[in-house]
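Residue numbers (my numbering): 86 to 598.
These aren't lab readings, by the way, just hints derived from the structure by calculation.
It is possible that some hints are incorrect.
[Stated by the list, open to error] Mimicking DSS-like on lysine-lysine, the simulated pairs with C-alpha atoms at most 25 angstroms apart in a straight line are:
| id | residue 1 | residue 2 |
| --- | --- | --- |
| 1 | Lys364 | Lys336 |
| 2 | Lys563 | Lys553 |
| 3 | Lys390 | Lys553 |
| 4 | Lys278 | Lys390 |
| 5 | Lys300 | Lys372 |
| 6 | Lys545 | Lys468 |
| 7 | Lys445 | Lys525 |
| 8 | Lys89 | Lys229 |
| 9 | Lys364 | Lys298 |
| 10 | Lys372 | Lys278 |
| 11 | Lys390 | Lys554 |
| 12 | Lys298 | Lys278 |
| 13 | Lys145 | Lys159 |
| 14 | Lys331 | Lys243 |
| 15 | Lys300 | Lys226 |
| 16 | Lys225 | Lys357 |
| 17 | Lys247 | Lys226 |
| 18 | Lys445 | Lys455 |
| 19 | Lys357 | Lys331 |
| 20 | Lys298 | Lys159 |
| 21 | Lys364 | Lys331 |
| 22 | Lys298 | Lys225 |
| 23 | Lys365 | Lys523 |
| 24 | Lys247 | Lys235 |
| 25 | Lys225 | Lys336 |
| 26 | Lys235 | Lys331 |
| 27 | Lys300 | Lys278 |
| 28 | Lys525 | Lys331 |
| 29 | Lys89 | Lys395 |
| 30 | Lys563 | Lys468 |
| 31 | Lys117 | Lys278 |
| 32 | Lys357 | Lys372 |
| 33 | Lys468 | Lys395 |
| 34 | Lys159 | Lys226 |
[Unchecked claim] Pairwise CB distance ranges, derived in the manner of DEER restraints:
| id | residue 1 | residue 2 | range |
| --- | --- | --- | --- |
| 35 | Ile461 | Ala180 | 58 to 66 angstroms |
| 36 | Asn428 | Asn249 | 20 to 28 angstroms |
| 37 | Leu147 | Glu186 | 30 to 38 angstroms |
| 38 | Gln442 | Lys331 | 16 to 24 angstroms |
| 39 | Gln217 | Glu339 | 23 to 31 angstroms |
| 40 | Pro427 | Glu160 | 56 to 64 angstroms |
For glycine and all other residues, C-beta sits at the position ideal for the given N, C-alpha and C.
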Amino acid sequence: MKNKYDVMLILEGTYPFNGGGVSTWAHMLCNKVTNVNYSLYSINADFEEKSKYDLSDNVKNLIQVPLWSPLEPKELLSYGKKYYKTVNKKEQEDATEIAVEFIPIFERLLNAIYDASIDIEETDDIIFEMWQFFQNHDYKKTMKSMVVWKCFCETVSKVIEKDNHYEATLYDFTVGMRWIYRFLIPISIDVPKVDVSHLTLSGFPVIPALVLKYKYGTPIIATEHGVFIRERLIAINSSEYSFFLKNLLIKFSECITRLVYYKSDMILSVNKFNMSWEKKYGANPNKIDVIYNGIDSDLFVPGEKPAHLKDVPTVVAAARIFELKDILTMIRSCAVAKRSIPNVRYLVYGDNAAVPQYTKECNDLIKELKLEENFILAGYHDKPHQLFCEGDISILTSISEGFPYTVLESMSCGVPVVATDVGGVTEALDHTCGFICKPKDFESLGQSVVNLLQDDVLRKKMGENARKKVIDNFTIDKFIKEYEMAYEFIMNRKAQEPIYLNSHMQQEAMEAS
Numbered sequence: 086m087k088n089k090y091d092v093m094l095i096l097e098g099t100y101p102f103n104g105g106g107v108s109t110w111a112h113m114l115c116n117k118v119t120n121v122n123y124s125l126y127s128i129n130a131d132f133e134e135k136s137k138y139d140l141s142d143n144v145k146n147l148i149q150v151p152l153w154s155p156l157e158p159k160e161l162l163s164y165g166k167k168y169y170k171t172v173n174k175k176e177q178e179d180a181t182e183i184a185v186e187f188i189p190i191f192e193r194l195l196n197a198i199y200d201a202s203i204d205i206e207e208t209d210d211i212i213f214e215m216w217q218f219f220q221n222h223d224y225k226k227t228m229k230s231m232v233v234w235k236c237f238c239e240t241v242s243k244v245i246e247k248d249n250h251y252e253a254t255l256y257d258f259t260v261g262m263r264w265i266y267r268f269l270i271p272i273s274i275d276v277p278k279v280d281v282s283h284l285t286l287s288g289f290p291v292i293p294a295l296v297l298k299y300k301y302g303t304p305i306i307a308t309e310h311g312v313f314i315r316e317r318l319i320a321i322n323s324s325e326y327s328f329f330l331k332n333l334l335i336k337f338s339e340c341i342t343r344l345v346y347y348k349s350d351m352i353l354s355v356n357k358f359n360m361s362w363e364k365k366y367g368a369n370p371n372k373i374d375v376i377y378n379g380i381d382s383d384l385f386v387p388g389e390k391p392a393h394l395k396d397v398p399t400v401v402a403a404a405r406i407f408e409l410k411d412i413l414t415m416i417r418s419c420a421v422a423k424r425s426i427p428n429v430r431y432l433v434y435g436d437n438a439a440v441p442q443y444t445k446e447c448n449d450l451i452k453e454l455k456l457e458e459n460f461i462l463a464g465y466h467d468k469p470h471q472l473f474c475e476g477d478i479s480i481l482t483s484i485s486e487g488f489p490y491t492v493l494e495s496m497s498c499g500v501p502v503v504a505t506d507v508g509g510v511t512e513a514l515d516h517t518c519g520f521i522c523k524p525k526d527f528e529s530l531g532q533s534v535v536n537l538l539q540d541d542v543l544r545k546k547m548g549e550n551a552r553k554k555v556i557d558n559f560t561i562d563k564f565i566k567e568y569e570m571a572y573e574f575i576m577n578r579k580a581q582e583p584i585y586l587n588s589h590m591q592q593e594a595m596e597a598s
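From just these sequences and the hints, can you work out the full model?
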């Protein structure tokens, strides 16, 4: 039997410690792909005690990086180097080396963050030189040194003076430096050699993939679910951060996104919608392909409604309770539906403890609109393949998505969907399978719910069409086969030639011919 490839799957806040669409996707790969052994590189806010999933035998290694823990990751976990060596390095650190060698690199990084016109090769060189520096110097002592703090304050102050339309407080500078410190922590962590790095988002988790590329020339595959930079822009702009912090976080995120697209050897989007964002931030179109998510259509099958819901017009949703799922709009759509169907019931299954403040907003709105009997935040459902059969229809009200599993799962169960037109939703769901509405348009969403619940013939026909579309286009076998081919392609292509040529080399090749 042929040897398997070793792939490092790099994740942030998802698999294997948290649920959601990306975790569903990752779990399928780890269980079903036959030509790969996986290492999981899991970046989390804090140290996680226990995996939420039973890991496949294909998972040979699990590396956890708690990015925001009070203790440094290296103080909590071993990454292949003895702790005493790390302590010795701290004790031997020379402040002069930091000032002479590191400060010029750090200043260039700050300028690259704020200047989008800087050539992406320059950004790549900066990160490479920073990685080289931390091969022989302690990250914590360097980044927390006074000279680095002064460099940050002075360099960023010049940017503010140039723009002169906003100010920054000491608090702003402190938080800004803390963000940079935390996001870059993986640059100092050694990672085991693998054949391929596989990113699950085009953001800061690229750093361990860059380390592998710098050290071993390891090719990078990036799978784009919801577009990282789009979702980051939505979150930042709706936050209560000062203008200074919003601007810094946007600029830094955009800088890293461009670097991901530049350094990736293959970009596999879960939908066509994402491609316009990828190209906007510099991705070479020749590196982009689409692999749609797939589901087990033998598991997600039509079924009978539970007896206690037989006579209750029921709308189901599978959604983590947080801002991007826009549960507030879903609640308002329920109020619209209740005007025509007084006993309508929405059952929303998903983690309701992830963002407590947002859950409170949802509960407050439910009470305000007097929907306590109509809208239920039902928490975790331990049998997702049975979840959608509890409803006559399902609903999705997200303001951002990749290619949502919940839509495919509902369709596979023969349950038509009312959904917002975001991400790749319309690449799965069309007018024969459900209704598409604009994001935040709760009147349209609510009326679509009413139309489906009150028309048995239409609902039945749409459910049949939905099931057929999944079987024809979005099965798990097709999904897995395409990823196996992608891994095979990247390994064979690597042995023959670079996956792509940069623009300078392309120009030279054209001139030579």
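Do the alpha carbons of Lys225 and Lys336 lie within 25 angstroms of each other, as the hint requires? holds, 24 angstroms
Hint check: Lys117 vs Lys278, CA-CA at most 25 angstroms. Holds or violated? The hint holds at about 23 angstroms.
Quick one, are Lys331 and Lys243 close enough, alpha carbons at most 25 angstroms? holds, 17 angstroms
Check whether the Cα positions of Lys372 and Lys278 lie no farther apart than 25 angstroms. holds, 24 angstroms
Ile461 and Ala180, beta-carbon distance inside 58 to 66 angstroms? With a Cβ separation near 59 angstroms, Ile461 and Ala180 satisfy 58 to 66 angstroms, so the hint holds.
Are the Cα atoms of Lys390 and Lys554 separated by 25 angstroms or less? holds, 22 angstroms
Quick one, are Lys247 and Lys235 close enough, alpha carbons at most 25 angstroms? holds, 18 angstroms
What's the verdict on Lys89 and Lys395, does the C-alpha distance respect the 25 angstroms limit or exceed it? violated, 49 angstroms
Given the hinted pair Lys225 and Lys357, is their Cα-Cα distance within 25 angstroms? violated, 41 angstroms
Hinted pair, alpha-carbon criterion (25 angstroms max): Lys563, Lys468. Please report holds or violated. The given pair, whose Cα atoms are some 23 angstroms apart, holds under the 25 angstroms limit.
Quick one, are Lys525 and Lys331 close enough, alpha carbons at most 25 angstroms? Status holds; Cα separation ~24 angstroms.
Do Leu147 and Glu186 keep their Cβ atoms within the hinted range of 30 to 38 angstroms? holds, 34 angstroms
Violation of the numbered hints given earlier is confined to hints 4, 8, 16, 17, 19, 29, 36; the remaining hints are satisfied by the structure.
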